[in-house]
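Visitor: Let chain A serve as the given structure and place chain B on it in line with the hints.
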Amino acid sequence: MEYKILDENKLINVNKPSRYMGREKNAIVKPFDQVEVPMAFAFPDLYDVGMSHLGSKILYEIVNNLDFSSMERVYTPWPDFEALLRQEGATLTTLETQTPLAKFPLLGITLQYELNYTNILTILDLAQIPFYAKERTQDHPIIIGGGPGAFNPEPVADFFDLIVLGDGEIILPKLLQLYRDLQREIGSRPKRREFLLKACLLQGVYVPEFYQPSYDQEGILQAYRRTEAEAPYPVKKQIVADLDEAPYPETMLLPFGEVIHDRAMIELFRGCTAGCRFCQAGCIYRPVRERSLELLTKQAELLIRATGYDEVSLISLSSMDYTEIESLVDTLLNRYGCEGVGLALPSLRVDSFSVDLAHRVQEVRKSGLTLAPEAGSQRLRNIINKRISEEQIIEAVSGAFDAGWSSLKLYFMIGLPGETDEDLQAIVDMAEKIVSIWRQKRRKGQLRISISVATFVPKPHTPFQWFGQISQEEVERRQRYLRSLIKSRQISLSTHDAKTSFLEAVFSRGDRRLAPSIISAYQLGARFDGWTEHFRFDLWQQSFEQLGIDAHDYAHREIEQTAVLPWDHLDSGIRKEWLQKEWNLAMACQETDDCRFGPCSLCGVCMDYGVANDLKGRS
Amino acid sequence: MKVRVVFTKELQLRWISHLDLIKTIEKALRRAQVPLALSQGFNPRPKMSIAAPLALGLSSKSELLDFELQVRVDLKALQTKINEHLPEGLEFIQLYEVPSKGPSLMSLVTVSHYQFRFFKSLKVLELEKIVELINQKEELLFEVEQKRRTRTIDLKPGIFALYTTDDCGEIFLNAVLETSSSRFIRPNYIVDLINEHLQEPLELEDYIIQREKILLKLK
Numbered sequence: 111m112e113y114k115i116l117d118e119n120k121l122i123n124v125n126k127p128s129r130y131m132g133r134e135k136n137a138i139v140k141p142f143d144q145v146e147v148p149m150a151f152a153f154p155d156l157y158d159v160g161m162s163h164l165g166s167k168i169l170y171e172i173v174n175n176l177d178f179s180s181m182e183r184v185y186t187p188w189p190d191f192e193a194l195l196r197q198e199g200a201t202l203t204t205l206e207t208q209t210p211l212a213k214f215p216l217l218g219i220t221l222q223y224e225l226n227y228t229n230i231l232t233i234l235d236l237a238q239i240p241f242y243a244k245e246r247t248q249d250h251p252i253i254i255g256g257g258p259g260a261f262n263p264e265p266v267a268d269f270f271d272l273i274v275l276g277d278g279e280i281i282l283p284k285l286l287q288l289y290r291d292l293q294r295e296i297g298s299r300p301k302r303r304e305f306l307l308k309a310c311l312l313q314g315v316y317v318p319e320f321y322q323p324s325y326d327q328e329g330i331l332q333a334y335r336r337t338e339a340e341a342p343y344p345v346k347k348q349i350v351a352d353l354d355e356a357p358y359p360e361t362m363l364l365p366f367g368e369v370i371h372d373r374a375m376i377e378l379f380r381g382c383t384a385g386c387r388f389c390q391a392g393c394i395y396r397p398v399r400e401r402s403l404e405l406l407t408k409q410a411e412l413l414i415r416a417t418g419y420d421e422v423s424l425i426s427l428s429s430m431d432y433t434e435i436e437s438l439v440d441t442l443l444n445r446y447g448c449e450g451v452g453l454a455l456p457s458l459r460v461d462s463f464s465v466d467l468a469h470r471v472q473e474v475r476k477s478g479l480t481l482a483p484e485a486g487s488q489r490l491r492n493i494i495n496k497r498i499s500e501e502q503i504i505e506a507v508s509g510a511f512d513a514g515w516s517s518l519k520l521y522f523m524i525g526l527p528g529e530t531d532e533d534l535q536a537i538v539d540m541a542e543k544i545v546s547i548w549r550q551k552r553r554k555g556q557l558r559i560s561i562s563v564a565t566f567v568p569k570p571h572t573p574f575q576w577f578g579q580i581s582q583e584e585v586e587r588r589q590r591y592l593r594s595l596i597k598s599r600q601i602s603l604s605t606h607d608a609k610t611s612f613l614e615a616v617f618s619r620g621d622r623r624l625a626p627s628i629i630s631a632y633q634l635g636a637r638f639d640g641w642t643e644h645f646r647f648d649l650w651q652q653s654f655e656q657l658g659i660d661a662h663d664y665a666h667r668e669i670e671q672t673a674v675l676p677w678d679h680l681d682s683g684i685r686k687e688w689l690q691k692e693w694n695l696a697m698a699c700q701e702t703d704d705c706r707f708g709p710c711s712l713c714g715v716c717m718d719y720g721v722a723n724d725l726k727g728r729s
Numbered sequence: 047m048k049v050r051v052v053f054t055k056e057l058q059l060r061w062i063s064h065l066d067l068i069k070t071i072e073k074a075l076r077r078a079q080v081p082l083a084l085s086q087g088f089n090p091r092p093k094m095s096i097a098a099p100l101a102l103g104l105s106s107k108s109e110l111l112d113f114e115l116q117v118r119v120d121l122k123a124l125q126t127k128i129n130e131h132l133p134e135g136l137e138f139i140q141l142y143e144v145p146s147k148g149p150s151l152m153s154l155v156t157v158s159h160y161q162f163r164f165f166k167s168l169k170v171l172e173l174e175k176i177v178e179l180i181n182q183k184e185e186l187l188f189e190v191e192q193k194r195r196t197r198t199i200d201l202k203p204g205i206f207a208l209y210t211t212d213d214c215g216e217i218f219l220n221a222v223l224e225t226s227s228s229r230f231i232r233p234n235y236i237v238d239l240i241n242e243h244l245q246e247p248l249e250l251e252d253y254i255i256q257r258e259k260i261l262l263k264l265k
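Just so you know, the sequences run in chain order A and B.
Note that the working numbering has the first sequence beginning at 111, numbered continuously upward.
Note that the working numbering has the second sequence beginning at 47, numbered continuously upward.
Chain A on its own, in the form it takes in the complex:
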């Protein structure tokens, strides 16, 4: 098939053409025709978001380091660029070599967020690739999914040929090698089915078409039936046991324009065992695997020199829990502070230790302080297992005021299991208490407390997966109620759009029957659903209605613990019994220890996968 490539001069008509031109510093360009197994990699969001994502940058370098393969990038075109491509009848190409996506033997698409699903379709549509795997031919790319969304990919499973579960830096090179070997054997592109049959034997590979769901007359999921005897059940995830042994980027793709997170990033550790019961990342990435201090300082040096960034972000799910966080921060500050290179500490813990450390980091650069108590009352914090006390919060805030901060951002959630109006009152009480601490201290300047309230979305593979989201009306009532409680003018409240959170819940707990609704919403014009300025809830309503899909049921239903779940065949490493036990403890308002510092709570991942928490600083 012939594909039309867009004339570069037309880029003058779109906003920020550099999003579509490639050739950034540290981009790796290998001639498409000279690579045995070229792979395209799509990030289904705007370039500015995709270029801020560490995981893709890691994979980019790993794959490009393979001599027989290459990775070329593509992002979802913003509507202005989409319109231009359509008007010109041009196909979507990769940034590196301007090769039409449809020509690649393999196309990876990362699943980061449920509200990116229509963006996947935009990419396939503009690349002239059929949506459904079963509609694609031997000449189309094999489409590979991955990322956190791989642990419940069912709403989009029919669009993918295979999906990888777990740490991509191990499984992706293996898949590419398998493809190369088969290709060498027969001297041409391997037959798709042959490749999938071999691939599904690799740990971490899920081939959706080999697992067919069945439903009873009432539409209740009964089971997943395997269509191939070799296909494993359940599909296990892939784990990097020792992060020091895993490949990591020595350079980093550098955007021309400023993107969302425009800084060098080093990953301190993967996984988190803090055990917050709403948190999916805390379940699917277990166990905790730290990088050594020595390796991290080396990586920081390499990245600062290769990129010229003046800020290094210390990435992980809870960076303050890194065993040698103080030594790391001190080392980096001593070494690079004089060059004007600062540090960013995302995910601060709510305690005075974290605030002190953040203060030390601020010596180079000043910014606001963000803390996430998540719930206002002690009772609710026990339910969600956010193991911090009111005292710790007060201590942290006091410390922040003493260190000179006057602007605080506090993150909370509403709609959590067991939440009552008293818990909402407790959020505002806490904020008011912070105002009174400020007054006692008689500090100069204007205090600003921004309360940001998200709506709880039940996530698969968490102890709260069975719990239904509260209705949109109830979300809005609780938001109004919260607002009515605020008395001090120093406190401001921002809330998340209830409809957005609803749609997230639908797709988070969705199954394969939702696929047609994504296509029809896309066809009606849904794009960039995670972006407020583009989100059109009416299109989704229309789509669900046309297809007779009860979206409310997916989001709001309280699922029975005995029910078969659309992600039961995908193993995150966490045993279902543990999730049930955690749910029961939550209902009893009881906490569970972090197994890094306390006893093992038997979630199962270490036993079933032969791995363990790897705390480099302790050994």
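Mixed in with the good hints there might be a few duds.
[Claimed, not checked] With a straight-line cut-off of 16 Å between C-alpha atoms, the simulated EDC-like cross-links for lysine to aspartate or glutamate are:
hint, chain 1, residue 1, chain 2, residue 2
1, A, K120, B, D252
2, B, K166, A, E118
3, B, K93, A, E449
4, A, K551, A, E505
5, B, K69, A, D372
6, A, K213, A, E112
Please keep in mind that the hints were generated in silico from the structure rather than gathered at the bench.
Guide: Okay, now just chain B, sitting in the frame of chain A:
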């Protein structure tokens, strides 16, 4: 030590904005470990300034940039080192020292010479005739949008020269335009002037404008 640089912004680099250009150069200077002097305050920034912003889509043969260094260095060696770190399309072609206490670079800019290249086949005679028409006018009233208001200005005093050249049969339009802070004539205004005389107006994608030179006041 204050250094003035003549640099190019060509090829794909024409697709980046002025702000992104500054960021791109800043990062390249850091990669080259240039001992940049930083500003004071909470958010220290390298002391750097660019003569006259170039709009997105334009390329340039010679842009001007000043930056300050903490120490004295050999400029030849510095140039080689920096060029190793600049992306394709961006090149430092000349570096020289200027007095640290001198006037700001921006205040020195007077005019810029631009060359227009057309992708759409324009009849040579037609373009020459239009240029002649424009040149004969005493006054060139033009509506510009400034701060969300439309204002009529006279372009004539800001147009120092407008002429065509021929290179192996390909026709180029040349314009020398005032680019000082008091009067900044954007080169695309000239295209709008030409379009007034064309039956089929030029679209944005039908031409490329390249800045050939920026002229500075002597004192």
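Visitor: Look at each hint and say if it fits the structure.
Guide: Right, here's what the structure says about each hint:
| no. | hint | verdict |
| --- | --- | --- |
| 1 | A:K120 with B:D252 | holds (9 Å) |
| 2 | B:K166 with A:E118 | holds (15 Å) |
| 3 | B:K93 with A:E449 | holds (14 Å) |
| 4 | A:K551 with A:E505 | holds (13 Å) |
| 5 | B:K69 with A:D372 | holds (11 Å) |
| 6 | A:K213 with A:E112 | holds (10 Å) |
Of the numbered hints given earlier, the model fails none.
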